[in-house]
Structure formats: C-alpha cells, structure tokens
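Number of protein chains: 2
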Amino acid sequence: MKDQFYSYIKNLQNQITEAFEKVDGSATFFEDEWNRAEGGGGRSRIIENGSVIEKGGVNISAVHGPLPESMQSYFKVDEVDFFACGLSLVIHPKNPMAPTVHANWRYFEMYDKTGNCIDQWFGGGLDLTPYYLFEEDAQHFHRQCKKACDIHHPDFYLEFKNKCDAYFHNPHREEARGVGGLFFDYLKEDKEFTIQDRYDFTTEIGNNFLAAYLPILEKRKSMKYSAAQRTWQEIRRGRYVEFNLVHDKGTLFGLKTNGRIESILMSLPPAVQWRYDHHPEEGSEEYNLVTVLKNPKVWV
Amino acid sequence: MKDQFYSYIKNLQNQITEAFEKVDGSATFFEDEWNRAEGGGGRSRIIENGSVIEKGGVNISAVHGPLPESMQSYFKVDEVDFFACGLSLVIHPKNPMAPTVHANWRYFEMYDKTGNCIDQWFGGGLDLTPYYLFEEDAQHFHRQCKKACDIHHPDFYLEFKNKCDAYFHNPHREEARGVGGLFFDYLKEDKEFTIQDRYDFTTEIGNNFLAAYLPILEKRKSMKYSAAQRTWQEIRRGRYVEFNLVHDKGTLFGLKTNGRIESILMSLPPAVQWRYDHHPEEGSEEYNLVTVLKNPKVWV
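Protein chains in written order, with our numbering: chain A, 32 to 331; chain B, 32 to 331.
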C-alpha cells in the first residue's frame with residue numbers, strides 16, 4: 032500500500048505542477064530534494080514571482096523511522112516505528128480576486144518492534160481561501176468535492192465538509208480561514224471499508240483537485256484590481272499566517288519534531304500586512320467576505 | 032503595591048508615547064480604551080504610518096478576576112483570583128537600519144478565596160531586534176541595561192541577559208530573534224529582597240528604557256537604504272512573526288485565554304515577506320547579522 036500510494040503522489044505532483052506552469056505561463060517550479068537524517072526525505076517543488084502565482088509549493092515526502100516522542104503522546108502509543116508519505120500544496124495567486132488553495136493527501140503506517148504493521152490510515156483534504164467572495168467559485172469548488180465524495184459514500188461530503196469548517200477556523204478571530212472544502216483523517220480499514228477503499232477514496236479526491244481549483248484560477252487570474260484590494264488581500268493573508276502558525280497541527284508538529292522548516296513554512300504567503308484593529312466598511316465586498324467567514328455556508 | 036505599580040506604568044506610558052511622538056515628528060498615538068468582561072481593562076496607544084515609526088503600540092492593562100483554567104495548570108494552582116497589570120510596547124521603525132524594540136514590565140498577584148494575597152511577583156524586560164547590525168547600537172543598549180541592573184545587584188545583568196537570550200530564541204530557525212537585552216520573571220519577596228526592592232528594580236529598568244533605545248532610533252532613522260535592504264527587513268520581520276505566534280508565551284496565553292486580540296497582536300509588524308529558503312550571501316551584512324543571531328554575543 033505504501034508503494035502504491037507513494038507512486039500515486041509522485042505522479043500527481045507531476046500532473047499538478049505541469050498544470051500550474053501552463054496556467055502561469057511565465058514561471059516554472061524549481062525542485063529541491065532533501066533527506067531526513069532519521070530516515071526518508073522529500074521532493075519540494077516551488078514557484079515564485081510568476082505572472083499568476085506569486086508563491087506556491089507542491090511538495091511530496093516519504094519519511095520513516097522511530098516515531099518521535101512528541102508524536103507518541105499525540106497518538107497515545109509507546110515506542111513504535113512509523114512510515115508517513117504525502118503530498119502537500121499551497122498556491123498563493125498574485126491577483127486578490129483569485130483565492131489561495133491548500134490541499135494535502137497522506138498515508139500513515141505504524142509498526143511494532145518486530146516490524147509488523149499495527150495501524151494504517153489515510154488523511155487529507157482541500158480548502159479554498161478567497162480574498163473576495165465569488166459565490167459561484169465557492170459553489171464550483173464544493174460541487175467538485177461533493178461529486179468525488181458521492182462516488183464513495185452518500186454521507187462523506189457533508190461529514191468531511193463539516194470537519195473542514197471545524198478545522199480551518201481561527202478561534203481567536205472567530206472566523207473561518209476560508210470557505211472550506213474537505214478534511215478527513217484516520218480513514219482506516221473497518222467493517223464497511225477495506226484499506227483499498229480508503230486508498231480509492233483519497234486518490235479520487237486527489238484526482239479531482241485540478242478540476243476543483245483550476246477553472247477558478249483561470250477565471251480570476253486576469254481580473255483588474257486596485258491597490259486597496261491588494262492591501263486587503265495582504266491583510267487577509269495575515270489571518271492565513273495566524274492560522275498556520277498558531278493552530279495548524281501539521282505546521283506545529285513539523286516545527287516541534289525537527290521537520291524540514293522550508294517545506295513546512297512554504298505555506299506562508301509572500302507579502303503580508305498587519306494593521307491595528309482593521310475592519311472593513313459595513314456593506315463593502317470585504318465586509319461581505321468576513322460575514323461569510325463568521326458564518327460558514329452550505330454551498331451545494 | 033498594585034496601585035503603586037499601576038500608577039507608575041500609567042505615567043511611564045505617557046512619558047514613552049510623548050518621547051516617540053517627538054522623534055517621529057509627524058504621526059501621533061491614538062488611544063483605545065477597552066474593558067475585559069471578567070474584570071479590568073486597558074488603554075492601548077497605537078501609532079501607524081509615521082515618518083519614523085511604521086507601526087507601534089504602547090499598551091497598559093490591569094485585569095483581575097478568577098484565574099482562567101489554562102493558567103491554573105500553568106501556575107500549578109487551584110481556583111484562585113488574580114490581578115495582573117503591566118505595560119507592553121513594540122516599536123517597528125520604517126527604516127531597516129533602525130532596530131525593532133520590545134519591552135514589557137508587569138506585576139502579578141494571586142488571592143485565596145477569602146481575598147488574602149497568597150503570591151505576588153514582578154516580571155519584564157526589553158530586547159532589541161536589528162535588521163542590520165551596528166555593534167555600537169547593541170553595545171549601547173546592553174550598557175544601559177547593565178547600568179540599571181548594577182544599581183540593584185552585581186549578578187542581575189548577566190543573569191537576566193542570559194535569560195533573554197534563552198527566551199527570545201526561534202529553535203526552528205536555530206537563531207535568536209535579535210541581540211537580546213534583559214528578561215526576568217517571578218521576582219518575589221525572598222531572604223535578600225523585599226517586594227519593594229523588586230518594585231524598585233523593575234521600575235529602574237522601565238525608567239531606563241528611553242535612554243537605552245531612543246539614541247539608537249535617532250541615529251538610524253534617517254539613514255539611506257535600498258529597496259533590497261527594505262526587502263531584507265521585511266523577510267526578517269517574518270522571523271519576528273514566527274517567534275511571536277509559535278513560541279511567545281504571552282501571545283499564546285493571550286490567544287488561548289480570550290484576551291483582547293488587537294492588543295495582543297499589535298506586536299506583529301506592518302509589512303512582512305516570506306520567501307522560500309532565503310539565505311543571504313556569505314560575507315554580506317545580512318549574513319553577518321544572521322551569524323550573530325546564531326551565536327549570541329557578550330556585548331558589554
């Protein structure tokens with residue numbers, strides 16, 4: 032299963048970076064291969080200062096070895112070995128009319144001292160963070176998410192949409208990071224599903240990513256915008272930073288378990304502002320966005 | 032003691048904001064008074080888009096009530112009441128040759144159910160975060176810190192300088208936030224010192240703040256700089272954000288105990304950049320700064 036999934040994300044990384052290069056038209060991804068001292072490594076692909084993408088990364092990694100102590104207490108296990116692989120991506124477009132997108136698909140195995148696999152699961156998701164709200168974009172994104180989920184179970188979309196709203200939330204701002212998408216974790220073998228079913232579902236979501244996001248990026252990438260709209264984008268990106276550095280479990284784990292800093296922090300936006308007590312004018316487009324972030328909507 | 036110290040920080044806030052307005056010459060602080068639902072409140076003073084200060088805050092607060100649950104476990108106490116007051120300031124100058132400064136002086140009391148004070152202590156410090164390293168500036172700052180400490184005890188400077196280096200440290204970057212200063216906490220009554228001695232020491236440090244920082248700001252505020260130097264400042268400010276959101280106990284406490292968000296996050300810089308895997312050229316001024324941040328120096 033681990034070879035199957037790692038081979039899948041390697042191909043998906045190629046497919047996704049090729050597609051983004053085509054949309055951008057000027058910048059290309061550069062590749063950064065790295066090794067982890069304790070075992071494994073990764074292949075980061077980074078794009079910066081494109082004509083469409085201001086900053087983005089599409090990274091894969093496969094790491095293994097003894098489970099770090101901080102993760103033992105998190106997973107409530109003793110000393111075990113682990114294997115984890117996944118693809119993580121964040122794309123920050125230049126144009127404030129185009130939303131930021133984040134996605135991640137991952138697979139995890141744990142082994143006892145004799146090397147027997149004692150646990151295995153899939154996790155992942157994708158979510159959209161607009162700076163200006165085009166309802167049709169959020170609807171398109173969620174429709175694609177639902178379509179992929181519905182192939183596997185009629186309850187999956189709502190369950191994982193709600194998990195996404197709950198997870199990508201800045202409690203200290205009392206608002207969502209964006210308009211959500213899907214979030215799922217610990218998808219294990221059980222009475223209803225085999226681990227191959229979990230693989231099929233996770234890869235279905237991965238395969239659907241470009242169809243969910245690219246049409247939105249294409250539609251918004253060349254829209255006109257003002258300096259004030261760019262400023263608003265940079266202020267909102269500050270909220271993205273706040274979520275990732277204060278609340279995001281993956282980021283904090285990475286930082287605390289001596290992960291590869293540049294791959295972990297590639298998610299941070301390129302240019303960001305913080306103003307004191309900034310609030311958009313009531314009734315403005317900026318105000319409408321914040322209103323929806325404070326009250327997550329049903330999109331499909 | 033609490034009235035004495037609160038009255039002290041009210042005066043100090045006036046003194047410090049007046050001095051900064053004079054140096055800036057164009058912008059003035061605006062005042063934001065706020066109340067805390069559970070008891071107490073504060074008076075924030077904020078300055079933005081000055082000719083010298085790009086963003087800054089000099090805030091006082093005095094809060095009281097039942098100690099929040101998350102702090103009970105932190106202080107290892109049961110249900111008690113508390114009182115806390117302090118002054119917190121962060122100044123982000125526009126000119127990359129001028130360092131950011133942070134300072135804080137605070138006083139804490141805890142009471143049992145009958146209202147008896149069962150514990151009381153002072154804490155605080157000040158520290159300097161340059162973007163370009165002028166050794167004479169770091170030396171001046173530390174000399175002033177040492178002078179104030181030496182009046183009270185010959186060991187204080189070194190003890191609190193080392194605590195500052197240990198505290199303002201980004202382990203995930205393996206570097207200090209800046210060139211340090213002083214950091215002290217839990218200064219209680221003991222065999223050697225009365226609580227009035229602790230007050231005298233803490234206020235000595237507070238009284239010395241302007242002499243430690245203003246001459247540096249005056250010297251650097253009008254220096255010429257290039258766009259590339261400004262970019263470097265914004266990238267380094269990213270490290271400031273990382274420290275404050277990932278590691279700073281005060282910030283995390285504030286966010287998790289439902290503190291006043293805008294006062295807590297006023298420390299975040301106005302304009303920030305994140306680039307992938309950015310490293311200054313060996314031998315450059317930027318490189319020299321990072322070298323010193325990786326190996327904290329003895330300045331006096």
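Rather than coming from a laboratory, the hints here were simulated on the basis of the structure. Hints may contain errors.
Some, not all, of what chain A presents toward chain B, calculated at C-beta under 8 Å [to be verified]:
| hint | residue |
| --- | --- |
| 1 | E206 |
| 2 | I292 |
| 3 | A302 |
| 4 | V303 |
| 5 | Q304 |
| 6 | K325 |
Remember, predicted model here, so these are calculated numbers, not experimental data. All residues carry an ideal CB built from backbone N, CA and C; glycine is no exception.
- [ ] Taking the numbered hints from earlier one at a time, note which ones the structure violates and give those numbers from smallest to largest.
- [x] The structure conflicts with hints 1 and 6, although it agrees with all the remaining ones.
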